[in-house]
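Chains as they are written, first to last, in the numbering used here: chain B, 1 to 358; chain L, 1 to 579.
There could be a bad hint or two in this list.
Stated by the list, open to error - So, partial list: chain L residues that the calculated Cβ filter (under 10 Å) puts toward chain B:
1) Val110
2) Asn115
3) Leu118
4) Leu141
5) Ile367
6) Thr445
7) Asn448
8) Ser477
It is worth saying that the hints were derived from the structure and are not from the lab. Values in this document were obtained by computation on a predicted structure and should not be read as measured data. Backbone N, C-alpha and C define an ideal beta-carbon position, used for all residues, glycine too.
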Amino acid sequence: MQVGAIERVTEVAIAVFLWALRVVVILVVVVGSALTLMSGRYSLETWSNLVVSGLTLGSIYALIALGYTMVYGILRMINFAHGEIFTSGAFAGYFIAVGLNSVGFLNASPLASLLSVVIMIAVAIAISTPLALLVERIAYRPLRNAPRLVPLISAIGASYVLQYTYRGLFGPGIYSYPSVAWLNELLPIGGLRIRVLDVLVVASAIAMMVGLYLFVMRTKMGTAIRAVSEDKETAALMGIDVNRAIVTTFALGAVMAGAAGVLYSLLYTQVYYLTGFIPGIKAFTAAVLGGIGNIPGAMLGGLFLGQVESIGPTLFLDGFGVPSPNQLKDVIAFTMLVLVLVFRPSGILGERIAKARA
Amino acid sequence: MTRALAGPGAATVAPRVAFDWRPVVRIGAIGGAVSLYLCLVGIVPVFNQRPLIIGVISLGQTALVLSLFATGFVATRKLTGTAGARFLAGGLAGGIAGAVLSALVLVGSVVPLRNVFLNASPELYDLLTFGLGTSGFWAPLVTGIALGALAGGFSLLRPRLRRSLYVGFLSVVIMGLFAGLIRTPLLSSPLENLARLLFAPEGLTPVGAVITFAVAVALNEYRRTNDLGRRYRAVPSDRRWTVIAPAAVVLSIAVLILPQTLGSFFAQVIAIVALYVMMGLGLNITLGLAGLLDLGFVAFFAVGAYTVGLLTSTGEYGIAQWSFWAAVPFAVFFAMLFGAFLGLPILGIRGDYLAIATMGFGEIIRILAGSDLLKPLLGGPRGITNIPKPFDVPPDHWLAGPNQIYYIALAGAALIAFIAWRLRGSHLGRAWLAIREDEDVAEATGINLVQTKLLAYILGAAFAGLGGAVFAALVGSIFASSIQLIVSINVVALIIVGGMGSIPGVVVGAIFLIGLPELFREFSEYRYLFYGFALIAMMRFRPEGLLPSRVTLRELHVAENEQPPDAAEGALVAQEEAG
């Protein structure tokens with residue numbers, strides 16, 4: 001009886017604690033926003049710029065998040081090395097950009113610049129996809145039926161191998177992307193002046209996501225992937241080549257990540273061997289946020305995370321007088337990750353995968 | 001499987017086993033890719049600066065030779081054909097691998113590969129062609145064929161002889177690697193002349209290599225003919241302590257006097273190893289017993305380190321200037337408090353989510369510690385400095401410098417090992433094991449999941465805090481940049497490599513993953529590359545770790561054969577020797 005009473009007390013304590021946590025988080029968000037807005041320190045233009053940069057960043061997160069979410073959907077595994085696949089795209093794009101710049105093509109005309117970006121993305125995809133398949137073959141496939149933590153640890157290992165392979169191949173330095181003048185021109189859109197780069201990033205991200213969505217929903221292979229995500233054994237009994245579906249999933253994720261690597265590096269104009277690590281973790285956050293295993297969820301989660309990260313520090317923290325709130329943007333992102341995992345692990349759109357089997 | 005070699009000749013020599021060249025070509029291509037990787041990632045050129053046997057071979061060349069030789073050996077391993085077929089297959093596979101390197105030299109002479117790959121330098125080409133430059137592009141090809149064929153011949157040798165040769169070559173490599181470290185203490189001992197014969201300042205002398213090889217082979221033969229392992233297993237299990245106890249006493253004494261006999265560099269290294277052993281044992285409770293993968297270990301490490309820093313520092317940010325000993329209980333207490341605070345909300349979630357959530361905590365703590373927000377308290381990126389050592393002794397005292405940290409960490413490790421050992425068989429320990437095996441079943445048997453997990457998590461946090469406290473005292477300062485995810489990964493990796501849930505495993509893991517890289521600072525660039533490969537390889541080939549606990553071993557191998565644990569252990573050893 002005594003033991004039972006103690007357990008009850010701790011249970012109540014935990015519940016109280018969780019409620020207190022919710023209240024604190026909501027209070028910080030509401031009061032901080034109110035204080036910031038009332039201070040009137042920021043003009044409407046500042047806010048709209050923050051929204052646009054959040055949209056750009058968010059669409060890149062969404063592209064990476066798709067790879068996490070699809071692999072998780074099909075294998076129930078966190079592909080920890082996905083951020084490093086993204087880095088390979090960034091490096092490939094860099095070397096192509098340098099090459100195109102040295103022959104004078106990169107900045108020859110707006111059309112040449114656009115074409116250059118297309119070539120960079122194409123090469124990045126051509127590098128990142130075989131790399132992802134190699135990682136899958138070496139580090140994941142042999143562990144497909146092992147307990148959950150085993151492939152996760154192997155993925156962490158793969159992540160380190162890739163990071164330090166880049167370091168060995170390309171050196172520890174930070175490479176600056178050659179600047180593309182056309183991308184920094186401003187376009188007047190609906191009363192706002194937006195960089196060509198932002199438009200390009202958002203447009204190509206949307207194009208790729210629509211393409212992916214159509215592939216998964218309309219093609220035979222897409223149906224096979226969805227069937228395997230649903231139930232591997234039954235799908236195999238229906239004559240679906242499970243292995244091919246899994247490999248295709250990895251390839252699709254790598255295509256998105258390779259393209260995202262180029263777009264991200266164009267945005268931040270630099271690349272080094274750890275480039276992919278933080279965006280990788282954040283994209284995972286986005287995937288969880290949207291409901292892992294859920295493709296539209298990953299897109300939504302990415303866009304949402306981009307906004308929170310872009311607007312959040314200023315909106316929530318500035319009102320409290322926190323010094324240099326932008327240093328804390330990753331804190332906001334990771335806090336959101338933890339909060340989502342705790343309070344709504346099924347994400348905004350809910351987990352498509354039956355939770356019972358997870 | 002056996003596809004005959006297409007062609008008119010194949011049918012007429014049917015009685016002979018057909019020579020299946022496809023896997024040989026495949027292995028040759030893989031070997032070529034591995035060799036190319038070793039070159040471009042920089043292992044071959046960087047390791048080339050360090051001689052293995054002076055004037056004979058460098059470490060970088062050893063890596064290449066091993067890779068080409070292994071290609072030939074793997075290609076012929078499963079072959080059942082005649083001696084000729086073996087030489088042919090080995091030569092073919094080695095030749096393909098060598099051809100890849102030849103192609104690298106050829107391509108590199110035309111295309112400026114160096115613009116992309118830093119290591120594709122003229123020095124690398126010279127190394128590959130034995131100094132002939134690009135005109136000697138054929139050299140790797142010929143070397144590959146020769147080494148591959150040699151490996152094919154090697155597979156013809158009797159297994160026992162082969163094993164002896166392995167041991168001999170491995171000993172030479174190890175002696176060459178550690179030459180500098182072994183030489184220095186030997187020079188100031190009665191064995192000075194031996195040291196001068198075996199080692200030169202840069203590495204092993206040719207004479208030294210031959211002697212090492214001969215001694216290693218002889219020792220191995222002695223060990224095999226007398227089969228010490230079998231004799232030990234023949235001792236009835238209730239009498240085994242007569243063998244173990246003296247060995248344990250000798251080992252303990254050796255561990256205790258170790259820092260006194262070695263130089264200050266060594267003392268620093270073993271202090272770090274001891275620190276990681278301590279943290280590894282702490283996380284071992286969380287991960288090894290309860291099965292919670294905690295990647296935010298470094299968060300509690302930071303809490304411990306900053307607590308000690310704030311309470312003891314005589315510098316700008318110190319608030320109390322206490323002694324280390326007064327601060328440690330607070331460090332552990334605050335770490336536990338943090339563990340409870342962070343653990344309470346997240347312990348309800350699934351295993352792999354938990355890993356990511358805890359990693360998120362680690363990052364949050366790292367960013368906060370270095371931020372302007374907490375700068376008035378924690379010093380921002382410049383951190384807290386002037387943390388005094390626990391024992392204030394003169395420099396020539398036996399407790400001076402890192403030595404005291406070594407003993408403190410050792411005592412901490414012993415304490416944690418004792419707690420872990422006592423907990424293991426307790427009610428709580430068995431509840432943890434049950435959760436690790438299957439959460440749903442554990443809950444059905446009446447275990448309160450969140451509370452039981454929370455206890456494991458808080459205990460892990462306490463030991464992480466203790467580790468952080470000792471770390472702060474060892475380094476004398478604590479910065480935000482010391483709180484990297486890599487600390488968490490280091491601790492997880494050493495547990496996994498050593499063997500989850502096993503105390504000797506943690507020690508072995510710490511020596512391999514922390515001690516060795518500290519000793520080879522010149523190769524520190526490749527440390528994490530090695531970590532990554534080690535994690536993948538362990539998961540694929542030996543998920544139970546190098547020195548698994550007996551329980552884990554039994555769990556993992558019980559499906560294969562329902563033997564008592566001793567027999568299973570013997571089977572594992574045999575399996576290893578066959579492989």
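List in ascending order the numbers of the hints, as given earlier, that are violated by the structure.
-> When the structure is compared with the hints, numbers 1, 4, 6, 8 turn out to be violated.
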